[in-house]
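Now for the letters of each chain:
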Amino acid sequence: MGGVGQRWVYNNPMPPFEELDHTADWSFRASAPSREALFLEAADALYELGGVRTVPDPGASRTLHLEADDPESLLVSWLNELLYLAEHDRLALRELRIESLTDISLRVSGRPAEILAVGKHIKAATYSGLHITESAGAWLATVVLDV
Amino acid sequence: MASKTDFHKIDDYLWELPASHRGEMHTAVRIIADDALLEDALGDLSVEQAMNVASLPGLAGRVVVMPDVHQGYGMPIGGVMAARIGEGMISPGAVGYDINCGVRLLSSSIVFEEAEDRLADLATALYRNCPSGVGEKGSVPLTVDELDRVCREGARWALRKGYADRNDVDRTEEEGCLEGADTQQVSARAKERGRGQLGTLGAGNHFLEVDVVERIFDAPAAAAMGLREGCLALQIHCGSRGFGHQICTDYVQSFQSAVKRYGIRLPDRELVCAPIDSAEGRAYLGAMKAAANFAFANRQVLAFHARRSFKEVFGGTGIRWQLSQVYDLAHNMAKIETHTIDGRREKVCVHRKGATRAFGPGHEGIPLEFRPLGQPVLVPGSMGTASWVLLGTAGSMELSYGSCCHGAGRVMSRAQAKREVRGDRLRGDLERSGVHIRAGSLPGLAEEAPQAYKDVDRVIAAVCGAGIARKVARLRPVAVVKG
Chain A
1 MGGVGQRWVY NNPMPPFEEL DHTADWSFRA SAPSREALFL EAADALYELG GVRTVPDPGA
61 SRTLHLEADD PESLLVSWLN ELLYLAEHDR LALRELRIES LTDISLRVSG RPAEILAVGK
121 HIKAATYSGL HITESAGAWL ATVVLDV
Chain B
1 MASKTDFHKI DDYLWELPAS HRGEMHTAVR IIADDALLED ALGDLSVEQA MNVASLPGLA
61 GRVVVMPDVH QGYGMPIGGV MAARIGEGMI SPGAVGYDIN CGVRLLSSSI VFEEAEDRLA
121 DLATALYRNC PSGVGEKGSV PLTVDELDRV CREGARWALR KGYADRNDVD RTEEEGCLEG
181 ADTQQVSARA KERGRGQLGT LGAGNHFLEV DVVERIFDAP AAAAMGLREG CLALQIHCGS
241 RGFGHQICTD YVQSFQSAVK RYGIRLPDRE LVCAPIDSAE GRAYLGAMKA AANFAFANRQ
301 VLAFHARRSF KEVFGGTGIR WQLSQVYDLA HNMAKIETHT IDGRREKVCV HRKGATRAFG
361 PGHEGIPLEF RPLGQPVLVP GSMGTASWVL LGTAGSMELS YGSCCHGAGR VMSRAQAKRE
421 VRGDRLRGDL ERSGVHIRAG SLPGLAEEAP QAYKDVDRVI AAVCGAGIAR KVARLRPVAV
481 VKG
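In order, the protein sequences belong to chains A and B.
Quick note on numbering: this note's numbering labels position 18 of the first sequence as 18, and the sequence is numbered without any gaps.
Quick note on numbering: this note's numbering labels position 269 of the second sequence as 269, and the sequence is numbered without any gaps.
Hints in this document: simulated from the structure, not taken from any laboratory.
Every residue, glycine too, gets a C-beta built ideally from N, C-alpha and C.
Don't take each hint at face value.
[Claimed, not checked] To give a feel for the contact side, a few chain A residues facing chain B, derived at Cβ under 10 Å:
hint, residue
1, Asp21
2, Ala37
3, Ala68
4, Asp69
5, Pro71
6, Glu72
7, Asn80
8, Leu83
9, His88
10, Gly119
11, Lys123
12, Tyr127
13, Ser128
14, Leu145
15, Val147
Only chain A is shown next, with the shape it has when bound in the complex (with noise of 0.2 Å):
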């Protein structure tokens, strides 16, 4: 069953996302050795935060394609609509995997699991402060969650 304190759908060999000190809302880092792995453990924050608990066996693959006009709105528009599964379908996505990414564009796939319980509303991704960042190759984002 996936919830919290496990990872969820990736295996990041750099450390976890970092949950920030935010007043109103929640906020966390995300590091990853490329932009894929960091698309993955933004994901996998999102869930982790939000104590999503799922049945153990998910069902068949799914694909998902979503655009945007830059790679933050790609973040926020990914981030967005895992969030709109979870809430209206009770379905989150796991063994994520990436097919492809670009500046614009994101073609992932992943088997869907019901959830069974939700720890924290979280009622959107924001752009406050949001860049994708990438030095040494690392790649950063710091996303804001508004709950």
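We have chain A already, so just place chain B on it with the hints.
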């Protein structure tokens, strides 16, 4: 960054950071606060975010910040800005994801001592009858056509369907309906999310709270509102649920290209905006009004379920259980209003993010019975601490575009609250102090711990000291229901 020495102290409760403080600022930032509350505001990025707002083009006057201010995303929570209709902007990010998040207060003649033994049952009934939690389905599933009607009519839809009485609607900001809602500007996905969520509380900091009217400061005003010392009252705090969240998400995303088209430079992309009088601006305003009306209807349906809960518990006991509306108002909204700014009457788009409308006496936007007094202002505290009922004043019209604070305001991060507070222990402490708690999430409860918030009495002293509100009544919680 700014420090306390950068502010000009106008009086004991009013501070100004001049526009010259940072090059991009077009106008000054005024903070309503005492010394300690100003220092709290400087403890996170609240002031930085207010300076970002002051950098938006087309503002009609100063950015005003309430004493419950704290860091949000884009605009600080507790921020108010007024944008000129001609050259000013409307910003979905500044309004926020929970469009028309707001508070409703209902009064009763139930004497606390007579009801005390039944409060645990009342908390349980409210928790059972008012669906709460993430993605919880409401009791009023809607077709897309019916959802459109909710969006156009707001609380009036609820009145037509038997979920409200006339007094409820009359005593709601804008009578529970913003004219000009345009559901054609709402995405199919938002409608899909909204169809199943009418009459739900949600999670996070939303709550139902049973209070005792502990002290009355203005007897005629309290009497007009139906508030009686020693009697129970009920607060409902929630908004437009996933429907509003999706509308904001859609427009924050689509406006990213609009800022490029209009050549707007933003200090924070969450402050994304478009000219009010543009195709983009009009589309967002129409969609925002749809979400606002959904929220008015949502709080009304929750009030219907709350009344059912009171009847279940007190019906047949000889206690008169009926609840009467005091007022319902929004604290996340953008509205077209007319204000006197620097001596000139001007139509502006007032954005209130974590700030309530607080019109002064005589304003035509206030229900007739309250008009000589001023608009009722509802300021919920944190769990376990007081809430306040205030009135808007002539001072609020002069200083804050007819606005006031919306709560106590956080002072501790959610992460820190989770580290320092255990939900089960907090629930035990609150129960021992006489507050019945029904909560879906203990970690969520911990994040909302009273120690994570400012002293609400101090915040009230600041708004009253600044002259933007005056006291009517102080409420003490006895039961809290959270998602």
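For the hint on serine 128 (chain A), just tell me whether its beta-carbon gets within less than 10 Å of chain B. holds (3 Å)
Using the nearest Cβ pair, does alanine 37 (chain A) come within less than 10 Å of chain B? violated (23 Å)
Can you verify the interface hint for histidine 88 (chain A): is its Cβ closer than 10 Å to any Cβ in chain B? holds (6 Å)
With 10 Å as the cut and Cβ atoms as the points, is aspartate 69 (chain A) at the interface with chain B? holds (6 Å)
Take the shortest C-beta to C-beta distance between asparagine 80 (chain A) and chain B; is it under 10 Å? holds (5 Å)
Supplied contact hint for leucine 83 (chain A), tested at 10 Å Cβ to chain B: holds (8 Å)
Does glutamate 72 (chain A) meet its interface restraint, that is, does its C-beta lie within less than 10 Å of any C-beta in chain B? holds (7 Å)
Hint check: is the beta carbon of valine 147 (chain A) less than 10 Å from a beta carbon of chain B? Given a least distance of 6 Å, the restraint on valine 147 (chain A) holds.
For the hint on tyrosine 127 (chain A), just tell me whether its beta-carbon gets within less than 10 Å of chain B. Hint on tyrosine 127 (chain A): holds, closest Cβ of chain B at ~4 Å, below 10 Å.
Can the hint on lysine 123 (chain A) be confirmed by a CB-to-CB distance to chain B that is less than 10 Å? holds (4 Å)
Hey, does the glycine 119 (chain A) contact hint survive, CB to chain B under 10 Å? holds (6 Å)
Interface hint outcome for proline 71 (chain A) [beta carbon to chain B under 10 Å]: violated (12 Å)
This entry does not satisfy hints 2, 5, going by the numbered hints stated previously.
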